[in-house]
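Enquirer: Starting from the known structure of chain A, fit chain B onto it as the hints suggest.
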Amino acid sequence: MGSRRINWLTLLFLLPATVLGLNQIATAQSPTYGVGRTPTAEEVRAWDISISPDGKELPPGHGNAKQGAQVYLLRGCGACHGVTGSEGPAPTLIKSDGKTKSQFPCLVPCVNDKNVMALHSPYATTIWDYIRRGMPLNSEGNLKPDEVYALTAFLLFKNGVIGEDDVLDQQTLPKVKMPNKDGAGMPPAWKHGQPRLAGYP
Amino acid sequence: MSPKQSGRRGFLKNSAALIGAAVGAIPAAADQPMSDNMESKDIKELIAYGERSHFVKSIRFPVAERMSPDDFGMTFHVVSPIQDQVGIITPSSLHYIATHRGSYVPDIDPSEHRLMIHGMVDRPLVFTMDELKRLPSVSRIHFIECIGNRAKPSHKTAEETHGMTSCSEWTGVLLSLLLKEAGVQKGASWVVAEGAETVKGATTIPLDKAMDDCMVCYGQNGEAVRPQQGYPLRLLVPGFEGIHNIKYLRRIKVVDQYYMTYNDYGHINADARVAALGTQLGPKSIITFPSGGQKLLGPGFYEITGLAWSGGGAVKSVEISTDGGQSWKAAEFRSPCYPMAHARFGFNWKWDGKECVLMSRCIDELGTVQPTRAEIGKYWNKPVDKDFQVPGADNSVFPWRIASDGSVHNGLA
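If you're matching them up, the sequences are chains A and B in order. Take 1 as the starting number for the first sequence in the numbering used here and just add one per residue. Take 1 as the starting number for the second sequence in the numbering used here and just add one per residue.
In isolation and in its complexed conformation, chain A is listed as follows (with noise of 0.2 Å):
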């Protein structure tokens, strides 16, 4: 009898032990030097303009390239990169016959078309991406999801990735399939003290 009651008392000693356990692992992974603050919901919401090939931080919104042409116009695309997207200065948007080398600027290797904005991305994320950070010039940031798409939809038309009437939105900006769909050679896993490439000289 007696020693059934010890081992009650143990358990009961025991259980918040126990907790006490699960507690020290969760401190071990809790931050060391406890500095910086949480950021709210909407703060990282403001600031994450990530967009995944996979397109799942995408906005509500939608455009087609007929509306494109439209903002096209009314944002001054033109301004830096000509009527029809092609007359520069600033970097073209169409693609030229693939012989013919740009003359306006353009990343390096600017090779034919290459570079085309990021017509070769296997993702037309990268193109809404971009056009939602970086465009226009001197008022970044500030076009609405809906420019954003019709934009998209416009410069890819264009360039004969889809048709004029293709709406592009969240769920069919991922899929559509671009020129370099499967032409993508991903960089490799990084490994501390590894060669650049196995084999290379």
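No wet-lab data here; the hints were simulated from the structure. Worth double-checking, as some hints may not be accurate.
Claimed, not checked - Taking lysine-lysine and the DSS-like style, the derived pairs with C-alpha atoms no more than 30 Å apart in a straight line are:
1. B:K295 / A:K56
2. B:K152 / B:K41
3. A:K191 / B:K378
4. B:K316 / A:K191
5. B:K180 / A:K56
6. B:K386 / B:K329
7. B:K180 / A:K191
8. A:K191 / B:K186
9. A:K175 / B:K186
10. A:K191 / A:K66
Said to hold, decoys possible - Quick look at which bits of chain A chain B covers, simulated, 3 or more residues with Cβ under 8 Å:
11. 46 to 55
12. 182 to 193
As the list claims (entries may be wrong) - Partial list, derived from the structure: chain A residues whose beta carbon lies under 7 Å from chain B:
13. Y33
14. V35
15. T126
16. Y130
17. R133
18. P201
Idealized CB from N, CA, C, for every residue including glycine.
Expert: Frame of chain A, contents of chain B only:
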């Protein structure tokens, strides 16, 4: 948190400084002889913050392919006068510049700047600059090199062929510390880093690299990071291609996939090997003396000197050829060799006055040897002529041709 363009503001400031200096210069001119070139700054300004002798003329210039400032007043790529530099630290004022897209240098008030860490973390965090400076700091010497640092036959000087690499002592907080503080969740594999400049330049970086040796830097060469280098805060991704070293760093998002930002997509290629060659940089070196545009003053002793570096770790050895690559001899180190940092090498040489071709090659701690263009061409099974473009980042051995009159020329020409 709203970076302002500093162009007009800078112009007004400069005009004011000139007017002030002109007034201040009158009594000084009467007291002591002044050269025409004498710096027009007020002596109080120079006591407060010094500058180099007016006899020293070494300057950066924009790359020829796209001018800076461009038609829009933006800065794109500016090369560093690597042939004039000594030791391994690039003066902050001469650090090469590259921007995402082309950018105005933002004028960021550090008291308003924030760094947010969020995404697949247990505790999203926002840091002020003061808070970042409360955390344990590290200072490390690392190079940054642009993938556009590619010698062409038309280039005359080392500044043109190799001027888009620079090396600084960087001070800040390890990114791994911040990520541990936020608690990275299982399944995360990449981070997206983003700047606060107008274009919000962003790239995707492997989480393993972020947890290894990346730094969030507020210091460069003993003072605050320069505005052209990302003031008040920049990311350092040691040994990775320059574009990953996000300036004006405002956000790190921990994610589970490659995000393919605008700045990432330029790296992709149908061939994954090319993508690999554009991420971690290979061993590379350049002879800075004698180099293009310089002249040897007749036969005799000269120290051949230059810089070597590798994205794979510290430089282990450097070899010099004075016969166009037929034979190689070990150079000596004239500086410490830090991981992912410029190392200064020297090689005692007696020039016999005859035409010759000088080359250097770097061997890093992984044992990787800087390849020649011929070796690279063989790997890709492509003919190596003047037009051959090395796929990925170009770390090929570079030749300087010494003519019999002592003038130095691009050996690719």
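Enquirer: Can the restraint linking K180 (chain B) and K191 (chain A) be considered satisfied, given a maximum Cα separation of 30 Å?
Expert: Holds. K180 (chain B) to K191 (chain A) sits at ~19 Å (cutoff 30 Å).
Enquirer: Count the residues of the region 182 to 193 of chain A whose Cβ falls closer than 8 Å to any Cβ of chain B, and tell me whether that reaches three.
Expert: holds (count 11)
Enquirer: Against the 30 Å threshold, does the CA-CA distance of K191 (chain A) and K378 (chain B) hold or violate the hint?
Expert: holds (27 Å)
Enquirer: K175 (chain A) and K186 (chain B) were given as a pair; does the straight-line alpha-carbon distance stay at or below 30 Å?
Expert: holds (27 Å)
Enquirer: Could you check if T126 (chain A) really has its C-beta closer than 7 Å to a C-beta on chain B?
Expert: OK, holds: T126 (chain A) within 7 Å of chain B, min 5 Å.
Enquirer: Does the alpha-carbon distance linking K191 (chain A) and K66 (chain A) stay inside the 30 Å limit?
Expert: violated (47 Å)
Enquirer: Identify whether the interface hint at R133 (chain A) stands, where standing means a beta carbon of chain B within less than 7 Å of its own.
Expert: Constraint on R133 (chain A) satisfied, holds at 4 Å.
Enquirer: Between the alpha carbons of K295 (chain B) and K56 (chain A), is the straight-line distance 30 Å or under?
Expert: violated (60 Å)
Enquirer: Quick check on Y33 (chain A) please, does its C-beta sit within 7 Å of some C-beta on chain B?
Expert: holds (6 Å)
Enquirer: Can you confirm whether the C-alpha distance between K316 (chain B) and K191 (chain A) stays at or below 30 Å?
Expert: holds (20 Å)
Enquirer: Take the shortest C-beta to C-beta distance between V35 (chain A) and chain B; is it under 7 Å?
Expert: holds (5 Å)
Enquirer: For the hint on P201 (chain A), just tell me whether its beta-carbon gets within less than 7 Å of chain B.
Expert: holds (4 Å)
Against the hints set out earlier in the document, violations occur for numbers 1, 2, 10.
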